[in-house]
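Chain by chain, the residues:
2 protein chains.
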Amino acid sequence: MRQSKLFTKTIKETPKDEKSINAQLLIRAGFIHKVMAGAYDYLPLGLRVLRKIENIVREEMNAIDGQEISMTILQPKKLWQETNRWDESIGKEVMYKCKDASGKEVGLGPTHEEPVTEIVRQFIHSYEDLPLSVYQIQTKFRKELRPKSGLLRGREFDMKDLYSFHASIVDFEEYYKRAQQAYLKFFKRCGLEAIITEASGGDFTKEYSHEFQVLAPDGEDTIIYCPRHDFSQNKEVAKLSQGDKCPNCGTKLKSDESIEAGNIFPLGDRYSKDMKATFVDKDGKTKPLIMGCYGVGPSRTMGAIVEIHHDDKGIIWPESVAPYQVHLLSLGEDEQVTEFADQVYRVLMDGDIEVLYDDRGDKSAGEKFADADLIGIPRRLVVSGKTVADKSVELKERNGDKMRIVKLDNLVREIR
Amino acid sequence: MRQSKLFTKTIKETPKDEKSINAQLLIRAGFIHKVMAGAYDYLPLGLRVLRKIENIVREEMNAIDGQEISMTILQPKKLWQETNRWDESIGKEVMYKCKDASGKEVGLGPTHEEPVTEIVRQFIHSYEDLPLSVYQIQTKFRKELRPKSGLLRGREFDMKDLYSFHASIVDFEEYYKRAQQAYLKFFKRCGLEAIITEASGGDFTKEYSHEFQVLAPDGEDTIIYCPRHDFSQNKEVAKLSQGDKCPNCGTKLKSDESIEAGNIFPLGDRYSKDMKATFVDKDGKTKPLIMGCYGVGPSRTMGAIVEIHHDDKGIIWPESVAPYQVHLLSLGEDEQVTEFADQVYRVLMDGDIEVLYDDRGDKSAGEKFADADLIGIPRRLVVSGKTVADKSVELKERNGDKMRIVKLDNLVREIR
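Residue numbers (our numbering), protein chains in the order written: chain A, 700 to 1115; chain B, 700 to 1115.
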C-alpha cells in the first residue's frame, strides 16, 4: 500500500477524551476512529490488525474441532425468557433492547448461550453426535455505563465465542483443558503471555471460571499469582495474598494489575436444563447436555497488545498481528531515490511481503520517521541518497536501535 | 470436512413459515437457521458460501481502489441529526433505536452515509486527497414490517457498502461508471446476470439511482427492460411499457419480475453540505465533497443465487460460491470401499480441493444422493464397490445428468 493513497493521517495531539494508552495511540496512528465512548470504527490499518487476530483465533479454534457459524445480533425475547435471562441478570443489566416494526421487543446479543443452545437442540439428539463445539467471530453489545479503556471495554466489540457440548462431565473436563491450551497458544501467537486465573463464574456458573490475565500497568483487574504461573486468582475471589506461598510450588505469590484478555466457563447443565437441550445417552436415558463456553475478544486483544507493546514514540506491533510486515520509507525528492524505492517496493510485493510504502513527497525525513515509530510496523526500511548507490536499504527493527544495510538482492530472503 | 462430523443435518419437511424458495432450501439443507422473521444464523455450510461471496465483492472493490474499513453498528443521534435523518426519513422509518446505560438514544446503522462522511471530513481537506473510496462489509439493520423473502429482505443482513468522494461531478461520473462495471463483474462471478436499471433515488437522491436487477420469477420488483440489456427501468418509475421500443436500440421492451440485488446512488453534495465535509480545490476555493454510494448485500446475493440456481431436488451452487468444490460420497459399508474413499478424500485434500466427504455409516445410498442434490455442491464423486476395483470414482455434475468414471490418478487435475 502506498501511504500517499492511504486516506488516514497520523495525528500529533493526544485525544483529550481518551485516558487509555491503547485508544490514544490507535487513534493518533490512524487505526481506529471514535464514534462514541466504547464504540470505534476500524480504519484500514486497524482492520488489518483485527483481521489478523481473528484469523489466529480461528486457526486455534479449528484446531480444537470448532465448527464456525455466525449467529444473529438481534435476539428474540422469548428465547431468553426460557433461561430467565431477559428480565434478570445479563438481560436486565447489559442487554440493549429495542422495538421492531410491530412493536415487539428484541435484544442485541451480549453473549450467545441461548441462541447456540437453540440451534444445537434442533440438531443434536444422541451421544453419537457428541462432543460438539461451535464458535463464531461476531459483533457483541453491552450497555457499559462509562467505558473508558478504549478497546479493552466496549459497548460494541468484536468477540470470538465458542460453545462446547458433551455427554459427560469427564468429556467436558478433557475438552476444557484442550481449550485452555488453545487459548494460551492464541495469546502467545499475538505476543501476549496470559496467566490462567481462577475467577468468579459471574452470571454464568457457580463454579470458578478461568480468566486469561495479561500483566499490565493500568490493567482494570488485580491478580494474586505465582511468578511461575502455576497458580493465579483474581483478587475478587482470592483467599491468599501477596507474599503467601503458592499452593502448587511454594514460591512467594505476587499481586499485580492485569488485563482480562479472555475467559472460559464450565456451564454444566445450567442452560441445557432450562432449554430442554437433551440427548439420548448410551444407556438409553435422556440427559441434558453438558456445556462450556469460551470467550476472547479480538478487539480487546488488539487493545491489550498496544497496552503492552509500545514506547513513548508509539506502538510496537508483534510481527504476527502487524498491519504490514515492513514499512518502506523513501527519503528526499531525488528522482533516483524515488525510482529505486519504487523498485524495492515492487521486489517486496513480488516476494509476497506486506509493505506500507511511505512515498509521500510532501513529508520530511523527520516526519516520516516519527510516523513510522507511531504506526509501529516491526521493520523499517529506508531508501535514501546514501543507499541508492550500492542498491541497498537501511533496515531497522521497531523494537531495537541497530541499523544495518541490506542489499536489495538479499532483502526478501532477509525479511521472510 | 467429514459429513459425519458436521453437526447440521438436512431436513425433509419444508418449513411451514417460509414462503420463499431461498429460505426453504437453505434451511432444509442446513445452511441457515431462522431466529425470527428476517434474521437468520449462518451454519457452517452457509457461512462458507457467505464468506466466498464477501471475498468476491472485496476483490472487486479493491480493484476499483476501495479502502476497506469497518464502521460501528451503534449510531449516535447527534450525527444523524446533522442531516435531519434521525427524526425524518430513514431514521424515522427503518432505524432500530435503543437506549444506552445513561439513557441516551443510539441507533443501529441501516446505512452509513453519515458516519463515513464524519470520518472523511476529519482526514480529507484538499483536492490532492481526492478521489477517495472506502467500503465495509458489515451487518446492517432495518425495521422491515413483514420480512417474508428469506435472505432477500432481512431485518438483520450482511452488506457491502462503498462510498466515493470526489472533487468534481466529472470525476464522480467516471468513477460511477467504473463501479457499475465492477458490480456487473461481481454478479457475473457469483453466477448472476444483472441488468442495470434506472430507479428512484428514494431517500438518498432526487436523481435516478441504478439498481442491479436479476430476472427471477417471484422477484419482488418488476422491470421494463430491453432483452439486449442496454435499457431498463424499474416499473415504479418507468415511462415506457412492455412492447414499446428500446430508446437505445429499438428492440421491443419486455416486462418481468426481478430481484434487486444491488444499487448505487449519485449523492452529489446532499450529505457533505449538511455535514460541512469540504475540501480546498485547485482554485483555492472551499467546496463540498461530491459523493456516491454503492451497496450490495452478500446475504441477499446468496438468496438470489438460490432463487435462480435450483431445481426440485435442491440447490445448484455456481462453483465460485459453493460451500465445497466436490461432494464425495462413500456408498455401502464394505471395508474396502471405506478405505478407498478415505484415500480419495486424502488425495483431494492434498490437491487443495475443498471436499465435503459423506462418510456417514448409517445412511443409505438413496439418502446420500438426496442430501447431495439438496446441498447442491457442483460436483458429486461416488465411491462404491463397482469403482474400487479399478481405483476410480464416478463423477457427476450437479447441473447435469451424465456420469463418467475418473481414475484416482487423474482426479485432482480433472477437478481443477
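Derived by calculation from the structure, the hints in this document are not laboratory data.
Keep in mind that a hint or two might mislead.
One copy or two, either will do: identical chains are not told apart, so a pair holds if it fits within one copy or between any two.
Claimed, not checked - No farther apart than 25 angstroms at their CA atoms in a straight line, the calculated lysine to any residue pairs in the SDA-like style are these:
1) Lys1012 to Glu804
2) Lys715 to Asn761
3) Lys986 to Val936
4) Lys704 to Glu873
5) Lys708 to His824
6) Lys708 to Gln837
How the hints compare with the structure:
1. Lys1012 to Glu804: Cα proximity of Lys1012 and Glu804: none, with 48 angstroms in one copy and 38 angstroms across.
2. Lys715 to Asn761: neither (41 angstroms within a copy, 34 angstroms between copies)
3. Lys986 to Val936: neither (32 angstroms within a copy, 60 angstroms between copies)
4. Lys704 to Glu873: between (51 angstroms within a copy, 19 angstroms between copies)
5. Lys708 to His824: This pair counts as between: shortest inter-copy Cα distance 11 angstroms, intra-copy 55 angstroms.
6. Lys708 to Gln837: Between copies, since 24 angstroms is at most 25 angstroms while 28 angstroms is not.
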